[in-house]
Amino acid sequence: MSTIQTQGTEEVHPDVALVNLARQGDTAAYEKLVRQYDRQIFRIAQHITQNREDAEDVVQDAFLKAYEKLDQFQGNSKFYTWLVRIAVNESLMRLRKRRTGKMVSIDEDVETEEGSMPRDLADWSPDPEAQYGQSEMADILRKTIQGLPPGFRVVFVLRDVDGLSTEETAESLGLSIPAVKSRLLRARLQLRERLSRYFRKNGKDGAK
Amino acid sequence: MRADLEEHMRGCEHCVVTLSTTRKTIEIYKKHEIYPLPDAMRERLQKAILAKCKKC
Numbered sequence: 000m001s002t003i004q005t006q007g008t009e010e011v012h013p014d015v016a017l018v019n020l021a022r023q024g025d026t027a028a029y030e031k032l033v034r035q036y037d038r039q040i041f042r043i044a045q046h047i048t049q050n051r052e053d054a055e056d057v058v059q060d061a062f063l064k065a066y067e068k069l070d071q072f073q074g075n076s077k078f079y080t081w082l083v084r085i086a087v088n089e090s091l092m093r094l095r096k097r098r099t100g101k102m103v104s105i106d107e108d109v110e111t112e113e114g115s116m117p118r119d120l121a122d123w124s125p126d127p128e129a130q131y132g133q134s135e136m137a138d139i140l141r142k143t144i145q146g147l148p149p150g151f152r153v154v155f156v157l158r159d160v161d162g163l164s165t166e167e168t169a170e171s172l173g174l175s176i177p178a179v180k181s182r183l184l185r186a187r188l189q190l191r192e193r194l195s196r197y198f199r200k201n202g203k204d205g206a207k
Numbered sequence: 000m001r002a003d004l005e006e007h008m009r010g011c012e013h014c015v016v017t018l019s020t021t022r023k024t025i026e027i028y029k030k031h032e033i034y035p036l037p038d039a040m041r042e043r044l045q046k047a048i049l050a051k052c053k054k055c
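First to last, the sequence lines map onto chains H and X. Numbering that gives the first Met the number 0 puts the first residue of the first sequence at 0, with every later residue one more than the last. Numbering that gives the first Met the number 0 puts the first residue of the second sequence at 0, with every later residue one more than the last.
If you're looking for bench data, these hints aren't it; they were derived computationally from the structure. Accuracy of the hints is not assured; some may be wrong.
[To be verified] Derived PhoX-like pairs: lysine-lysine, alpha-carbon spacing no greater than 20 Å straight-line: (1) H:K96 with H:K64; (2) H:K64 with X:K53; (3) H:K31 with X:K53; (4) H:K31 with X:K23; (5) X:K53 with H:K68; (6) H:K142 with X:K23; (7) H:K68 with X:K54; (8) X:K51 with H:K31; (9) H:K77 with H:K31; (10) H:K31 with X:K54; (11) X:K53 with H:K180; (12) X:K51 with H:K142; (13) H:K142 with X:K29; (14) H:K64 with H:K31.
[What the hints assert, rightly or not] Pulled a few chain X residues facing chain H out of the computed Cβ check, cut under 7 Å: (15) T24; (16) I25; (17) L36.
Yeah, the Cβ is synthetic: ideal placement off N, Cα and C, and Gly gets one too.
In isolation and in its complexed conformation, chain X is listed as follows (with noise of 0.2 Å):
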């Protein structure tokens, strides 16, 4: 199957295309952080969901 799909792609622009557009779509959105986690931010959120689960 692996052999007829790597046949086609040799003489389909159009799935080549495809491919390797929804590849850099994926790679964009891996690579892309919408907000980062600041150190600061990210300690303020850990001593505040340990504070809550000390009192459980």
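This is chain H alone, in the form it adopts within the complex (with noise of 0.2 Å):
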């Protein structure tokens, strides 16, 4: 199996070396690799499922699909992305399996002029999560995700939570860059809006 090839003077990511003998064979180097992104791939997964029993599942299907895959990574990306790339697929087929007879892809509802415009002007309180217990915040960010067209949500866990520049987002998504700063806009002003309901400064009253 062949190895990625890479210019003498380009700074070399150190996951190449590891993913070239993976390769061919060795899955100690391999095992290096699932221990690196386990939890950041977890963390997308559950994520976007909104489920942890499917979010165990992406994470180990996405691993085992990578590693089947690996002959196919030219190293154009980083292998962390082109694994991001291949959990995304994994969690919006797992979200697709849960709604039956629809499909689930990130063009889905992306349309909606939902926050497009920010309309809810209300500051926040100083410390907003200190109004709800542990279990009632984890249910309010819970829906109010869940509440997110996949399309944005999907770019939201991505750029915002788990930190991939809006290039590397736009590679694991197949999308433009312009496509993703649109999403992204759009993402965080619903989830804005959303929240305000919980948040905003008159308290818990206001909200539904």
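Join these two chains into a complex; the hints should help.
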């Protein structure tokens, strides 16, 4: 199996050596990659699927698929970016299975006008989370992000929660950079709008 | 362009509030772990992944 070739002068990401070893059958090298990224992949999967069991399945399936397809990884992007793409696809497939007869794609429902302009202009309490217990907060955040169309949710999770760059997010999702920026803005504004019901300064009473 | 934006922010309370609450939105989601990945589960997942890989 061929190894990923790099130019002599460019900085080589440490993962390249591990990927090359793994491509030659060194599972210990692949184990290092798994240990390095399993937490992040789990976090991404749970944010997209909103389901713990599905997120566990995504982690397993994503790493397994990545191992099976290692010879297809060209090294044009970071291994992690490539892995994230696989995990996002697996997560969306899990969402599809939970919605009977309905396909889920990252282009679904992104034409909505909701959240395109900020409407709720009330400021929030200085420490909005202090108003709620831990499980209440978890419930609020879960319900709120579940209300986002998958196409916005995925961009928000990768860019803002996982910290990928705009370019890496675009690459992971097969979107243009302007599309990522547009969806990210809409996602942020929609989430903000929904959370305002719970966190605005007049307190919980206004929350529905 | 940045100077124009900063100038606007000095005089527009609505934009200041929108910016600060949007920042808080991102911070809250970034630090909130929906389901933590306990070590025992992590070990189990890693073993399962590697066992399957070895069969490839």
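Please verify whether X:K51 and H:K142 have alpha carbons no more than 20 Å apart.
It is violated: about 35 Å lies between the C-alpha atoms, which goes past 20 Å.
Decide if the proposed pair is consistent with the structure: H:K31 and X:K53, CA atoms, cutoff 20 Å inclusive.
15 Å, holds
Within 20 Å, alpha carbon to alpha carbon, are H:K64 and X:K53?
13 Å, holds
Starting from H:K77, check that the Cα of H:K31 is at most 20 Å away, please.
15 Å, holds
Chain H contact restraint for X:T24 - C-beta distance below 7 Å:
5 Å, holds
Does the nearest C-beta of chain H fall within a distance shorter than 7 Å of the C-beta of X:L36?
5 Å, holds
Check whether the Cα positions of H:K64 and H:K31 lie no farther apart than 20 Å.
With Cα atoms ~16 Å apart, H:K64 and H:K31 stay inside 20 Å; holds.
Starting from H:K31, check that the Cα of X:K23 is at most 20 Å away, please.
35 Å, violated
Starting from H:K68, check that the Cα of X:K54 is at most 20 Å away, please.
Within the cut-off at roughly 14 Å; holds.
Could you grab the alpha-carbon distance between X:K51 and H:K31 and see if it respects the 20 Å cut-off?
Holds, at roughly 16 Å.
Holds or violated: X:K53 with H:K68, Cα cutoff 20 Å?
14 Å, holds
With a cut-off of 20 Å on the C-alpha distance, tell me whether H:K142 and X:K29 pass.
16 Å, holds
Hints 4, 11 and 12 from the list above are not met by this structure, while the remaining hints are.
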